[in-house]
Every structure is written in C-alpha cells, then in structure tokens.
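*Asks:* What follows is the residue order along each chain.
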Amino acid sequence: MTQKLLEVNNLKKYFDTKRGKLHAVDDVSFYIYKGETLGVVGESGCGKSTTGRTVLRLIEPTEGEIFFDGIDINSLSQEVMRKKRKEMQIVFQDPYSSLDSRRTVYESIEEPLRVNKIFNNRTDLSNRVFELMNTVGLAERLVNSYPHELDGGRRQRVGIARALALNPSFIVLDEPVSALDVSIQAQILNLMERLQDNLNLTYMFISHNLSVVRHISDRVAVMYLGKIVELASYKNIFINPQHPYTKALLSAVPLPRIDLKLDRIILEGDVPSPINPVPRCRFYGRCPERKEVCKGDLPELREIEAEHFVACHLI
Amino acid sequence: MKNDYILEIEDLTVKYITEDSIVSAVNNMSLKLERGNTLGFVGETGAGKTTTAKSIMRLLPEPPTKIESGKIIFNGENILEKSIKHMQSIRGNKISMIFQDPMTALNPVIPIIDQIAEVILLHQTKDRKAAYKRAEEMLEIVEIKKERGEEYPHQFSGGMKQRVVIAIALACTPDLLIADEPTTALDVTIQAQVLKLMHDIKESNNTSMIMITHDLGIVAEACDNVAVIYAGSIVEYGTKEDIFNSHAHPYTEGLFNCIPDLSKTESELIPIKGIMPDPSDLPTGCKFHPRCPYAVDRCSKEEPESKEISDGHMVKCFLEHRK
Ligand SMILES: Nc1ncnc2c1ncn2[C@@H]1O[C@H](COP(=O)(O)OP(=O)(O)O)[C@@H](O)[C@H]1O
Ligand SMILES: Nc1ncnc2c1ncn2[C@@H]1O[C@H](COP(=O)(O)OP(=O)(O)O)[C@@H](O)[C@H]1O
Ligand SMILES: [Mg+2]
Ligand SMILES: [Mg+2]
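In order, the protein sequences belong to chains A and B.
Under UniProt numbering, the first residue of the first sequence carries the number 1, and numbering increases by one thereafter.
Under UniProt numbering, the first residue of the second sequence carries the number 1, and numbering increases by one thereafter.
Simulated from the structure, these hints should not be mistaken for lab results.
None of these values were measured; they are calculated from a predicted model.
Every residue, glycine too, gets a C-beta built ideally from N, C-alpha and C.
Accuracy of the hints is not assured; some may be wrong.
[What the hints assert, rightly or not] Among the chain B residues that face chain A by a calculated CB cut under 10 Å, a handful are: (1) L139; (2) A192; (3) Q193; (4) E241; (5) F256.
My request is simple: use the sequences and hints to build the entire structure.
*Replies:* Below is the structure:
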C-alpha cells in the first residue's frame, strides 16, 4: 500500500463574498495511498466538502496541484476531465436530495451507464443494473420503486450503486452515513468496507462523526477553518493526538461507556469567520495552550515522526 | 426520598389519524420519573420519542392526533384532564421543552432579551423591571454577554441560539425540562459546551429532565435512568448501569453492537438487520421480532409484557434466548 493514487499540493479554494474572500480551503496538501481510506474530520464549515469536491474538479480550485494516478488533473481540459471522472466518483450525505425523485431505482442506476454509452444493447445494460443492485444489497423487487418509497439506507445504496456503475478506482464519500439511524449506518459502513476489499477502491471519507471516521479510516486528516491541522494514521490521531484542536475535538465526544471518566477540554467561543482570516494559526483564538509564538506566522504542516504531520508552533 | 415522582405516564397510547392511514406512534407506554433525575429516551427515528414529549406538553393538535388512552400525571395531577388555559400556565413555567432546531422556539424579529423577558412576564411577575433583570441574569447563566440582548436570533451562531433557547426554557425554573435532541444539530465542541451548561443549571435548580437522544454517548454522560424506545413502546427501562452493563433486550443489545466506539481500537459493527417497521402497519406480536436474531415462533404471535428482571429493570421480551 505504498503507491499514491491521489496527491494534492497547496490546494486553495477561495469564494468571493460580499464581505471579502472566504478561505474555504486554504493551502492543504495530502496524499491518499492506493486501496486505503483517508478520513477527513472537522466541524461544519471547516472545508471538508469543498476539499472533496475540488479534488474531483466538481469545483474549480483557486490554486494548487491535484495528481490522480500520476496525471495532473488540474491541467486537463473539461473534455478530458469528463472521461477521467469515470474513475473518480462521489457519494453524498443526503441520498434524498441527490437522487431524482421522478426516477425509479432502475433509471437512477442506469443513468451513468447510459450517459457514458457503456453498453450498446439493452440486455447488457439491464444485466449491469441488476448486477449493481446485487452488489450493494438492493433486492430486485425494488427495481421500480421511487426514492420516496425507500428508506434512507436503501436510498444510500442506490447512491452507492450509481457511484460504482462506471468502475471507479476512487470515491469521495461525503458524510455518507450522517443522515442515517445507527442500525442502518452500520449496514452501510459494512457494505462500504466490503466493496473496498472486493473492488480495490480508494476512499476519501468525509465526516464530522469521529467514531465513524475512526472505525473506517487508515489515516485521518483533521481540518480546522480551511486548514489541515493534523494528519496521521488513525492510531496516532486517536491515541496520540498532538494538535491542541485534535485533542479538544476528541475529548468533546461523549463515549457510550460508563466505566471511563473523561477529562474534557471545553473550548471557548465559536469557530471564527473564514472571511479574510488573520494570517496566523487559525486556532489561536480558542486554543487552550496558546503562547506568545502563536501570534506569529501561520504554522506549517510538518512531519514530526514518520507519517505524522502537525501544524502547530508548540510541537 | 423514595417514590417521589415528578412524572408518571400510565398506559399512554397516541395515534395520528390521517386520510390514508392510522399511525400508531405511542403504544401503551408507561414510565416514572423521580424528582431531580434525568431520564434518557433513546431510540431511532420514528420510535415515538417526540410524540411522547409533545403529549406531556399537550402540544399535539387533535385532530390529527388522538390520545387514545392513558394518564400523564405531573406533580400528582393528570394533565390530560386539564383545560387549555391551565396547560398554558404550566407550559414554559412548570414544564419546558427544548427542541433540536432552536428556531422553532425563537422569533426571528424580536430581540432575544425581550423573548426571555416575555415568558417571565407571562408566568412570574408583572414587574417589567424585575423581569428584564431576571432575563439578563439568564443570559449571564448561559454565558452570553448581556450587551448582546438587543440583538436578533440571526446574529447568533447555532450554539448560541440554542443557549438562548435554554435561557428561555429555564427562566421560570421549571420542575421538568424536556430536551428533544438539543445538541443534534450542533458541532461536537459546541455540544460539549451546551451539555455542560445544561448539567450545571440542572444541578443548581434540582430540575428533573427527560433527555431525548439517539446518542448512547450522551446517555452515558447525562442520564440517571434510561428508556429504550422501539416502535412506540419502551422495550427496556432501567438505571444507566442496568442499560450499559446488563442490558437484556435484543434491540438494546443490537444498538450497542452497531455503534462504532471511539474508545476502542478495533471494533466490528454488527448491524441490526432490516429496517424500522412502518408505524401505520406494525408487526403482530413483539414489534421487534422481524429484526430480532433470537425470535422464536411465540414472538410473532404474542406481545410480551414488560417484566421486571431485577429491581426496577424492566424488559419487554420473553427472553426465550436466555432460558
Ligand atoms: N459556493 C460557495 N460560496 C460561498 N461560500 C461557500 C460555498 N461553498 C462553501 N462555502 C463556504 O466554505 C466554507 C467551507 O464549507 P464546506 O466545505 O461545505 O465545509 P464542511 O463540509 O466542512 O462543512 C464554509 O464557510 C462555507 O460557508
Ligand atoms: N403529524 C403527524 N402526522 C402523522 N404522522 C406523524 C405525525 N407526527 C409524527 N408522525 C409519525 O409518528 C411516528 C413517531 O414520530 P416521532 O414521535 O416524531 O418519533 P421520534 O421523535 O422518535 O423520531 C413516526 O412514524 C412519524 O412519522
Ligand atoms: Mg460538508
Ligand atoms: Mg423526534
């Protein structure tokens, strides 16, 4: 697992707003190895979705390099990019709004195959649709159902089947289980793990739910206000976190156990605005460990031990 | 003090009667809440948690709602028999409720200090000066600077709006606070702030509380007793220790087995098979039997009674798999 499938360097996405430049993604660099799952965690608005979408060029980056399988996809024309995107897919949080309410399960799954003219006869097409339904665990009897007739878990299975239709090697999963109840969430998480093994998939798994990210990820990137503040193996992130924000975030999660007493770090205030941020550590204002040096320049994301990156002046 | 119950629900059945179906949202529910305690309501979407809470508040319009049977005894009186006027004097005063979305409780065009003062003026005093003084105190308690009182809800972040709602809900020091997924819409660091705040205020006022949540982590942290709800019924009830250390109902077991646990390195998730039943077409017998890994013939034919398996620990299951 040492080959990089995706490599992102100094990626930025700024949005123009009435009040100034909004730094949604602000100079992030990371890579994802073939066959692994990179978890991306952080609170709402920290830039997870924008990162995921920009990596697929569903949103055009402001700046930065994106290498996919060795090719700089940021320099590809829209035309070539469209072909490339067969290999790079996305699954969204709310399958209800990402599916067309007038399309049946069959029509939804068939669509990417039809648009990309994968088959030239109806039998092959229909066989593939049923094969995909089987792969994601959708019963054949549901083939003519509409989204509103399905529960959230089944709708998400349709979303996954659509993403798998063109045999991608990489999938961005943007909060894929956040709208689901826990009993259904576990079904979908297990399904995604099985698919990854069977189909050799590489995942970028975006979620605000730390327990889910810990369960599914090989490595984890922690984002705060457009920046990656820490990036490491899931064990290092969860057992040996270094960045004060990672520590606070982890300590805030209520654990489903009554035999552990936690030392909780309660952060003061809210996440500040991402519009025209002060060029210093984004966490400065809320950091319980801040010192004089932290008033200075932005801390770089540095490798403090093998494969463990932290952006903090104090480390 | 034993047997001092702030709230007793006996055999409550609530239905929604709509044009094309009858939704059995709450089915023969019974429970008791000791004064000063926090009871967790845990269950997945559609289990009937909000319906139960709104029944206690008498917030459900009839029709489409029909409270078919039962008693809700609050401070010794059956509030289902009370007049609308009497209920208005209880609501926001003796019993308050916090919803998941703070904007259901806030008026977007009124400054927040006025909204807090309003409930105080309604229930506690006619003296405007005293009411505004108390409102400012409440802002301080929820850690919002009183200078911000003149601002409107949209000028606050989600976490701060929820704190304003808490200030309104607790301004009259109610005996019972019902919190319906109060932190579900909030980020986890903000959730930690809000939970701590609720805990501190509750402790200093000895408020009794119902905490509705789908998060067993919040239950572990905030509750004394727990009711696990499935398809409109309490399937297991006990102390937090009963539920976490010696749960007996297959649904409770299923819930624990399907959540990833941040404190464990490797964990295999064992999903509960199938999906939630449609409350307008509930299965016969035990409502969990189609999803239960231990179901036997009897479970599909007969509905189990709630049985006490140890002191105060109730389980609605034949427990054939344990025999
Ligand atoms: N199209 C857009 N125009 C302006 N601002 C945007 C747009 N999309 C996202 N943002 C802003 O960018 C920041 C990051 O958003 P997002 O990537 O959705 O965060 P996350 O997925 O972590 O919640 C937020 O402040 C959000 O409001
Ligand atoms: N006004 C209504 N009309 C018809 N059905 C309703 C209404 N409100 C809730 N329900 C149904 O009642 C059941 C219980 O809902 P609810 O009490 O909101 O559950 P929970 O809070 O546990 O998610 C659900 O199946 C829901 O769809
Ligand atoms: Mg997002
Ligand atoms: Mg509810």
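*Asks:* Decide, hint by hint, whether the structure agrees.
*Replies:* Against the structure, the hints:
1. L139: 16 Å, violated
2. A192: 4 Å, holds
3. Q193: Because about 6 Å separates Q193 of chain B from the closest Cβ in chain A, which is inside the 10 Å limit, the hint holds.
4. E241: Holds. Min distance 7 Å.
5. F256: Nearest chain A Cβ about 7 Å off; hint holds.
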